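> Residue numbers (numbering that gives the first Met the number 0), protein chains in the order written: chain A, 0 to 519; chain U, 0 to 519; chain Y, 0 to 253; chain G, 0 to 253.
If you're looking for bench data, these hints aren't it; they were derived computationally from the structure. Treat the hints loosely; a few may be bogus.
Said to hold, decoys possible - DSS-like, lysine-lysine: derived pairs with alpha carbons at most 25 Å apart: (1) K76(G) <-> K33(Y); (2) K443(U) <-> K443(A); (3) K374(U) <-> K127(G); (4) K33(Y) <-> K54(Y); (5) K54(G) <-> K85(Y); (6) K69(Y) <-> K193(G); (7) K450(U) <-> K14(U); (8) K76(Y) <-> K54(G); (9) K33(Y) <-> K69(G); (10) K374(A) <-> K127(Y); (11) K69(Y) <-> K54(G); (12) K443(U) <-> K444(A); (13) K443(A) <-> K450(U); (14) K193(Y) <-> K99(Y); (15) K127(G) <-> K176(Y); (16) K54(Y) <-> K76(G); (17) K158(G) <-> K193(G); (18) K238(Y) <-> K252(Y); (19) K33(G) <-> K76(Y); (20) K450(A) <-> K374(U); (21) K69(G) <-> K176(Y); (22) K212(U) <-> K136(U); (23) K238(Y) <-> K193(Y).
Unchecked claim - Output of the computed footprint for chain U on chain G, the stretches with three or more beta carbons under 8 Å from beta carbons of chain U: (24) 64–70; (25) 129–142.
Claimed, not checked - If we take Cβ atoms under 7 Å as the criterion, some of the chain G residues that face chain A in the derived model are: (26) S11; (27) V50; (28) H51; (29) E94; (30) A98.
These numbers come from a predicted model, not from an experiment. Glycine included, C-beta positions come from ideal geometry on N, C-alpha and C.
What follows is the residue order along each chain.
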Amino acid sequence: MAHIPLDSSQIDRLKDLAKEIADQVQDVISRHSSVSLERTVLRLYGVDGVNGEDIPLANRLVDILSEKGSLQSGVSPHFAAAMLASGTDAQTTAEVIEQGKAAFGDLTGFDLEDIREKEKELAQGALTSLDATRRRKEEKQQRWSLPRQPWRYVIVATGNIYEDCIQAKSAVLAGADIIAVIRSTAQSLLDYVPYGPTTEGFAGTFATQANFKIMREALDEISEQQGRYVRLVNYSSGLCMAEIAACASLEDLDVLLNDSMYGILFRDINMKRTFIDQYFSRLICSRAGIMINTGEDNYLTTSDAIENAYTVTASQLINEATAKNALLTEDLLGLGHAFEIDPEVENALLYELSHAQLARQLFPDSPIKYMPPTKYKSTDVFYSHCMDTMFNLVSVTTGQGIHLAGILTEAIHTPFMQDRYQSLGSINYVFNIARALGNEIEFKKDGFVAKRAQQVLDETEQFLKELREISLMEAIAQGRFANIRRAVDGGSGLDGVFVKDSGYSNPVMEQLEQDGVIDE
Amino acid sequence: MAHIPLDSSQIDRLKDLAKEIADQVQDVISRHSSVSLERTVLRLYGVDGVNGEDIPLANRLVDILSEKGSLQSGVSPHFAAAMLASGTDAQTTAEVIEQGKAAFGDLTGFDLEDIREKEKELAQGALTSLDATRRRKEEKQQRWSLPRQPWRYVIVATGNIYEDCIQAKSAVLAGADIIAVIRSTAQSLLDYVPYGPTTEGFAGTFATQANFKIMREALDEISEQQGRYVRLVNYSSGLCMAEIAACASLEDLDVLLNDSMYGILFRDINMKRTFIDQYFSRLICSRAGIMINTGEDNYLTTSDAIENAYTVTASQLINEATAKNALLTEDLLGLGHAFEIDPEVENALLYELSHAQLARQLFPDSPIKYMPPTKYKSTDVFYSHCMDTMFNLVSVTTGQGIHLAGILTEAIHTPFMQDRYQSLGSINYVFNIARALGNEIEFKKDGFVAKRAQQVLDETEQFLKELREISLMEAIAQGRFANIRRAVDGGSGLDGVFVKDSGYSNPVMEQLEQDGVIDE
Amino acid sequence: MSEQMIRPYGDSMNDGIIQLSFTLPVEDGERAKKAAELYVSQLNCENVSVVHARKIADRFTYFVVYARAKPSIDYSKVQASEVRTKQMDFYEINELIRAKLQRRLSVVGATIGSDAHTVGIDAIMSMKGYSGDYGLERYPEINTYNMGAQVSCKALLEKVLEVQADAILVSQTVTQKDMHLRNFSEFVQLLEEKGLGSRFLLLAGGPRMTNDFALQLGYDAGFGPGTVPSQVASFIVDKILERRRKAQSAERKA
Amino acid sequence: MSEQMIRPYGDSMNDGIIQLSFTLPVEDGERAKKAAELYVSQLNCENVSVVHARKIADRFTYFVVYARAKPSIDYSKVQASEVRTKQMDFYEINELIRAKLQRRLSVVGATIGSDAHTVGIDAIMSMKGYSGDYGLERYPEINTYNMGAQVSCKALLEKVLEVQADAILVSQTVTQKDMHLRNFSEFVQLLEEKGLGSRFLLLAGGPRMTNDFALQLGYDAGFGPGTVPSQVASFIVDKILERRRKAQSAERKA
Ligand code: B12
Ligand code: B12
Ligand SMILES: Cc1ncc(COP(=O)(O)O)c(C=O)c1O
Ligand SMILES: Cc1ncc(COP(=O)(O)O)c(C=O)c1O
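Please put together the full structure from these sequences, using the hints given.
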């Protein structure tokens with residue numbers, strides 16, 4: 000692999016700074032919980048389904064509890080109590096509570112011991128299912144083997160899950176290794192997870208547990224046929240980060256988009272809510288063996304890719320640090336970056352090579368996620384196809400982990416089946432003819448590429464130092480990321496955040512933290 | 000510039016071998032002349048136009064002479080005599096001869112002194128016009144300046160010279176630096192140069208002096224408008240190499256396709272005829288300041304680009320040596336090679352980089368001509384566009400001189416206006432973003448690229464040694480180039496070759512040889 | 000204007016050459032190619048040449064086709080409305096407001112619905128502006144309120160009334176399933192309902208927007224890709240002054 | 000076969016999506032875009048979206064367009080002839096000739112007219128063959144005469160008669176201005192004139208060739224891109240034997 004000489008002690012300094020910044024946020028996280036975090040506990044306890052008005056039972060129960068003012072102690076003890084009372088399974092218990100046929104929200108009259116017992120039992124069940132999905136995936140990857148990197152990642156976004164399956168299979172036939180089902184525009188702002196299979200969506204398909212299942216089955220079929228394991232991706236960003244992580248784990252998803260700041264910056268979701276939910280969602284991902292993908296690439300769509308390259312690197316370091324706090328291991332960190340430099344810039348390719356090589360060397364054991372050009376894509380599909388072709392070259396040359404397919408119609412519409420086919424045609428072509436280019440070339444020392452990488456590192460160090468002083472939250476408030484300002488108490492979802500009281504109990508989280516990193 | 004370490008003493012050996020091979024051919028050349036060579040003399044003396052049956056006067060006069068059995072002494076003395084007799088200008092003299100109103104072919108009764116005098120005068124006129132076109136071009140290149148390399152070269156081929164002008168201007172608007180007017184399929188086998196403006200042709204437009212003029216005027220207009228000098232290319236290969244060189248020089252053309260073997264191999268034209276005509280045509284080019292482009296790229300369309308890479312290098316060396324024998328300087332040698340490796344070959348790009356870099360280093364002072372992928376182009380225009388994009392990258396990275404635009408519809412039809420626009424879009428994009436890539440990277444020493452280049456050099460040396468033993472002509476007969484066998488006395492045009500007799504006179508050639516390389 | 004019949008141009012006038020690519024829900028093979036050929040001939044084309052056919056999914060084949068389109072259209076009859084206003088620069092515009100309007104203009108902008116794209120509206124409104132042209136926020140004579148994205152029609156209207164806006168800038172980037180149409184129209188309807196139909200200058204914009212299209216939607220103008228803020232500002236000032244003139248002359252008559 | 004109506008597929012069944020690119024002889028601008036939109040609607044399309052327009056020459060604009068094609072065609076009615084013959088390999092073919100024909104086959108091939116492309120015909124005839132499939136020259140039971148390119152129809156026929164060929168292979172690569180049509184037909188006419196209409200097995204090939212098309216031209220079969228020699232050999236042997244059977248049964252009747 001081509002290589003840029005970097006000062007390892009500087010890299011250590013950067014990682015330490017990031018860790019400090021992450022830990023500051025961790026304080027806020029540990030003091031709070033959120034409605035969606037509590038709903039996640041219920042889902043992991045086995046509560047599923049919706050009521051007559053299509054409201055998920057998990058939402059109904061948590062709402063009832065907060066109306067009763069009893070949410071501060073967490074949903075877990077209350078639900079355990081209800082189960083003791085009903086003597087039935089979780090789902091039935093939830094249904095009777097929802098129908099008002101069972102008391103909920105008052106622990107008086109229950110023996111705390113029994114409750115804790117029941118909670119333990121429920122939590123055990125939850126963890127068992129998380130371990131199970133992790134093992135099922137490992138087993139599949141054995142059977143069908145994983146393709147070599149860069150992994151070819153494409154999105155499907157018809158709005159109709161069944162149409163998505165056709166498109167996904169077509170893409171796999173053309174070489175795709177990873178399929179992402181993009182969500183309908185509005186979903187990330189919904190404070191619940193929609194239910195059941197869906198066939199209507201806008202610029203994407205709703206993320207529902209049923210849709211996860213349908214697509215995963217389609218991919219298992221094609222993995223079998225193609226003899227390579229095709230991963231399934233969905234998006235957990237938004238108001239339901241942890242809940243979607245729970246649903247994803249129950250359906251053997253492989254990857255979730257899960258960024259510490261994306262929801263804040265690009266969906267105007269409250270930052271506390273985001274950090275809190277994100278932590279629990281990542282704990283679940285780590286246990287379920289779900290890889291996370293982060294969204295640094297998005298910064299470059301609203302701020303300049305050269306000027307703000309250091310914000311991408313800084314964010315990668317912060318995402319890594321927060322992820323490690325949530326027990327995620329490096330092999331599960333698909334840290335994001337992108338090929339977004341204005342093609343009018345002379346020698347733009349040298350900058351791209353430098354940035355891509357830097358990311359590669361900073362996170363050697365992570366399957367870093369490389370995003371294609373989008374912002375400067377032209378509506379001239381032929382010209383756009385050239386941009387993607389050069390992106391493909393940089394990716395294989397610098398040995399990226401996950402390669403998002405650039406699409407020639409990026410500036411026009413969400414990809415049609417033939418757009419994806421053409422995109423993969425370029426990827427397969429370039430990856431094959433340039434497979435070993437990275438091993439063939441050296442970047443001149445003190446050349447432009449090396450100097451540029453050093454400059455980005457220095458700017459990053461400077462920036463992280465400031466962050467440590469003013470705190471991450473303040474930095475976001477000041478618009479230091481993506482040129483977007485978000486107030487600490489602004490955005491949606493803050494009303495769903497609450498301070499845990501002394502009696503608060505969430506045995507799933509406790510157990511996950513206690514067990515720590517699982518390595519088999 | 001990226002660089003591969005090469006042994007300069009080996010390069011010297013290769014160039015010496017090529018020189019020996021070229022000199023062997025030179026013997027054949029000096030003993031013979033051809034009908035088209037003689038017609039060229041007439042054209043340079045000022046004979047133009049056609050008779051009632053559209054037969055060029057130059058052809059008629061030479062035919063008359065050969066019928067009379069007087070051609071062996073060359074057309075020059077006979078025509079000089081005729082002019083002395085007629086006392087009018089060359090054109091009028093030719094007309095009366097053609098109409099049978101003047102004697103032609105018998106020198107008895109003329110004072111040899113007077114004839115030689117007249118010949119000298121005519122030859123002087125010829126050389127004056129060659130010097131004039133060279134100066135006019137230099138002057139234009141001063142006024143409008145030359146773009147930086149690689150020069151973007153596109154072809155037009157509508158069959159209609161006026162339509163060609165529209166297409167050419169469009170291409171220049173999109174960035175083209177060089178315009179080539181491809182000829183109609185049949186022309187290279189015609190033993191005369193068609194006359195006048197033409198609007199009908201097959202997969203190309205006839206090369207006529209009138210068409211040259213029309214296009215050159217169009218390009219002057221657009222050069223003025225764009226402020227950069229746009230060169231005009233045509234093709235002299237075929238049965239009229241020297242004649243077309245004469246016409247081209249009279250109309251200020253900048254470049255001629257002119258290869259020592261193309262006509263033999265790809266048009267089945269007799270090899271003696273080709274070598275003889277080629278020599279005189281190149282003498283004219285050197286004096287007229289016309290750059291020649293050679294056709295090694297064609298070999299790779301009939302033989303494998305990896306296996307036969309050495310034939311390309313060998314041919315470049317031979318073309319260089321024969322060109323130097325014809326007084327062409329290195330700055331006028333557009334030696335050809337191509338990006339024609341099967342894209343299914345893993346690391347094909349590394350081979351291409353190696354071959355392109357080798358050509359660049361072997362001929363550092365020549366504007367080498369790099370041809371795009373053609374043979375493996377797909378009818379899927381989107382895929383083909385990717386291939387061209389990678390070709391563009393190799394070209395700018397290895398610093399090629401003349402860059403033939405690859406066209407996404409290569410496998411379908413001769414380029415439409417929008418095809419050329421799309422092609423130049425890719426070229427401009429890649430050249431801009433990768434402008435300095437060549438300066439940024441090193442090829443690992445003992446890496447694949449370096450080793451491959453050395454291998455090609457060694458194979459070339461071996462091959463040239465064989466050629467020296469068996470002679471170039473024999474090698475062609477054995478199918479050693481492009482896997483095509485051509486017998487020494489086979490192919491068209493041999494009947495037009497004759498042995499010069501002792502009294503043979505061609506003062507234009509003599510003068511050109513005598514004056515040697517002109518450097519101002 | 001005299002008749003001017005046109006057809007596509009490949010490499011000679013009126014040859015009608017066009018390039019197509021599409022996918023048909025059939026298995027690859029000679030019959031599939033034939034189907035593609037027949038299909039394109041149904042699109043008023045002749046000399047249909049199916050140059051490429053390739054299976055891209057079970058029961059789906061992808062084609063690349065070149066053909067000669069038969070119709071000619073009379074270009075002299077083709078009409079397209081363009082935003083008509085004399086283009087002024089930053090200084091001229093501010094000067095004009097000071098001189099003629101004698102009060103500051105008030106402009107509110109937002110990306111409505113679930114559309115989260117702000118780059119477009121920001122390009123017009125934010126200080127930085129677009130391709131070297133200052134954004135409206137930088138205009139001393141204009142008060143700008145950029146509400147960002149994911150703004151409901153209701154919230155937008157409230158803001159408009161609160162700051163007594165002269166002009167409203169609505170942006171839509173997501174066009175999938177004609178989402179933008181529905182959102183654009185929803186806002187117009189809301190204004191109608193509230194009887195505010197023509198009170199504000201209503202501007203629409205986005206990557207798929209044309210002026211023709213905006214007028215159909217009931218907006219006063221539409222702006223597409225490449226729009227720079229000064230074009231928008233020029234239009235606003237121009238129209239506001241024009242409306243005032245009309246109003247005044249109407250008064251005089253009364 | 001029951002009716003099967005089809006339309007192009009973008010991302011959902013029958014959405015009719017197609018991509019087009021073409022050039023119109025007009026100056027870029029809103030009117031040009033409108034013209035492109037109107038033009039494509041004349042091609043039986045709706046929801047025409049002119050996503051890209053760019054000047055590419057004085058008075059010429061280049062467009063990229065996406066649209067929904069309206070027609071549906073009934074795939075069950077689509078017919079395409081394919082060269083029908085059981086595909087045999089090198090050994091089977093030679094064996095069959097030895098066993099059934101009991102004499103060697105004689106085949107002449109050429110690229111006629113001014114077309115200088117030989118790679119196609121060589122791929123079929125030369126020793127090396129094509130994509131791992133031996134060329135006819137390598138078949139012990141076939142005498143092959145490959146005349147190369149730029150061969151006149153007259154010269155080809157002379158050779159055919161001289162070697163008493165069973166089959167004639169004609170290749171054409173240059174299709175510009177329908178040159179290949181004229182050349183292919185010229186040779187057929189020459190055979191007719193000489194009263195040799197059906198004496199030889201006549202095969203046509205080239206990058207634009209289809210079997211349907213060859214039949215129209217009066218050839219016995221047509222072969223396009225990707226053809227391998229053994230397909231051609233199989234067809235020849237098959238047909239020659241078939242003809243002989245017919246001839247014999249005819250004799251018997253007489
Ligand atoms: C940047 C971007 C994003 C960023 C947005 C960041 C932000 N804060 O804006 C991020 C990464 C967050 C994003 C997310 C998504 N995006 Co997005 N995104 C883009 C992208 C790459 C560029 C858009 C852009 O910024 N253009 C630059 C601006 C300057 O151009 P413009 O908007 O046309 O604006 C100009 C003019 O139109 C005009 N103008 C615009 N508005 C207005 C208003 C007025 C009043 C006036 C006068 C003028 C005016 O002036 C501007 C300057 O000239 C496009 C692809 C592309 N290259 O176009 C996809 C694209 C727009 N996104 C798309 C999609 C689908 C999404 C998602 C919905 C995907 C998903 N399901 O997750 C998400 C979710 C967003 C949501 N909920 O709506 C699709 C839309 C498809 C369609 N046709 O409907 C596109 C086309 C990509 C694709 N091919 O799939 N996206
Ligand atoms: C190689 C090549 C050349 C070589 C030819 C060398 C040679 N000795 O053959 C050279 C460089 C000399 C050349 C020159 C020219 N070429 Co050329 N050339 C090509 C190229 C790159 C590849 C063609 C090829 O070899 N294909 C590979 C073979 C194996 O495929 P194939 O021919 O389809 O054959 C297969 C089948 O069709 C079938 N088959 C073919 N024939 C037959 C016959 C029978 C009986 C059967 C059964 C089967 C069969 O079997 C084969 C194997 O599967 C194409 C572009 C492209 N990529 O297609 C341009 C192309 C064919 N050339 C073109 C042109 C215009 C020319 C020139 C006329 C340009 C000029 N004006 O100078 C010249 C002059 C040639 C002339 N006078 O005819 C155009 C033709 C445009 C058109 N549609 O009319 C093309 C398409 C390039 C372009 N886009 O402009 N060319
Ligand atoms: C981290 C992350 N989450 C989510 C999304 C998708 O957006 P939405 O949350 O609207 O589905 C993206 C888009 O690229 C992303 O990068
Ligand atoms: C050296 C040379 N001459 C001539 C030609 C053009 O062919 P023709 O001689 O048929 O015009 C080519 C084609 O690429 C060539 O390379």
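> Against this structure, judge whether each hint is valid.
Hints, one by one, checked against the model:
1. K76(G) <-> K33(Y): holds (11 Å)
2. K443(U) <-> K443(A): Measuring from Cα to Cα gives roughly 11 Å; hence the hint holds.
3. K374(U) <-> K127(G): holds (17 Å)
4. K33(Y) <-> K54(Y): Distance of about 15 Å is within 25 Å: holds.
5. K54(G) <-> K85(Y): Holds, at about 24 Å.
6. K69(Y) <-> K193(G): With Cα atoms ~40 Å apart, K69(Y) and K193(G) exceed 25 Å; violated.
7. K450(U) <-> K14(U): With a Cα-Cα distance of about 21 Å, the restraint between K450(U) and K14(U) holds, given a limit of 25 Å.
8. K76(Y) <-> K54(G): Given pair K76(Y), K54(G) holds - Cα atoms ~21 Å apart, limit 25 Å.
9. K33(Y) <-> K69(G): Holds, at roughly 18 Å.
10. K374(A) <-> K127(Y): Answer holds: K374(A) to K127(Y) is near 17 Å, not above 25 Å.
11. K69(Y) <-> K54(G): holds (23 Å)
12. K443(U) <-> K444(A): Within the cut-off at roughly 13 Å; holds.
13. K443(A) <-> K450(U): holds (20 Å)
14. K193(Y) <-> K99(Y): violated (30 Å)
15. K127(G) <-> K176(Y): This hinted pair is violated, its Cα atoms lying about 55 Å apart.
16. K54(Y) <-> K76(G): holds (21 Å)
17. K158(G) <-> K193(G): Distance ~14 Å between K158(G) and K193(G) Cα, so the pair holds.
18. K238(Y) <-> K252(Y): Judged against 25 Å, a Cα distance of about 21 Å means the pair holds.
19. K33(G) <-> K76(Y): At roughly 11 Å apart (the allowed maximum being 25 Å), K76(Y) and K33(G) satisfy the hint.
20. K450(A) <-> K374(U): Roughly 41 Å separates the two Cα atoms, so the pair is violated.
21. K69(G) <-> K176(Y): Within the cut-off at roughly 18 Å; holds.
22. K212(U) <-> K136(U): holds (14 Å)
23. K238(Y) <-> K193(Y): Within the cut-off at roughly 22 Å; holds.
24. 64–70: violated (count 0)
25. 129–142: violated (count 0)
26. S11: Holds: closest Cβ of chain A sits about 5 Å from S11(G), inside 7 Å.
27. V50: holds (4 Å)
28. H51: holds (4 Å)
29. E94: E94(G) check fails; min Cβ-Cβ to chain A is 37 Å, beyond 7 Å.
30. A98: violated (42 Å)
When held up to the earlier numbered hints, the structure conflicts with 6, 14, 15, 20, 24, 25, 29 and 30 and fits the remainder.
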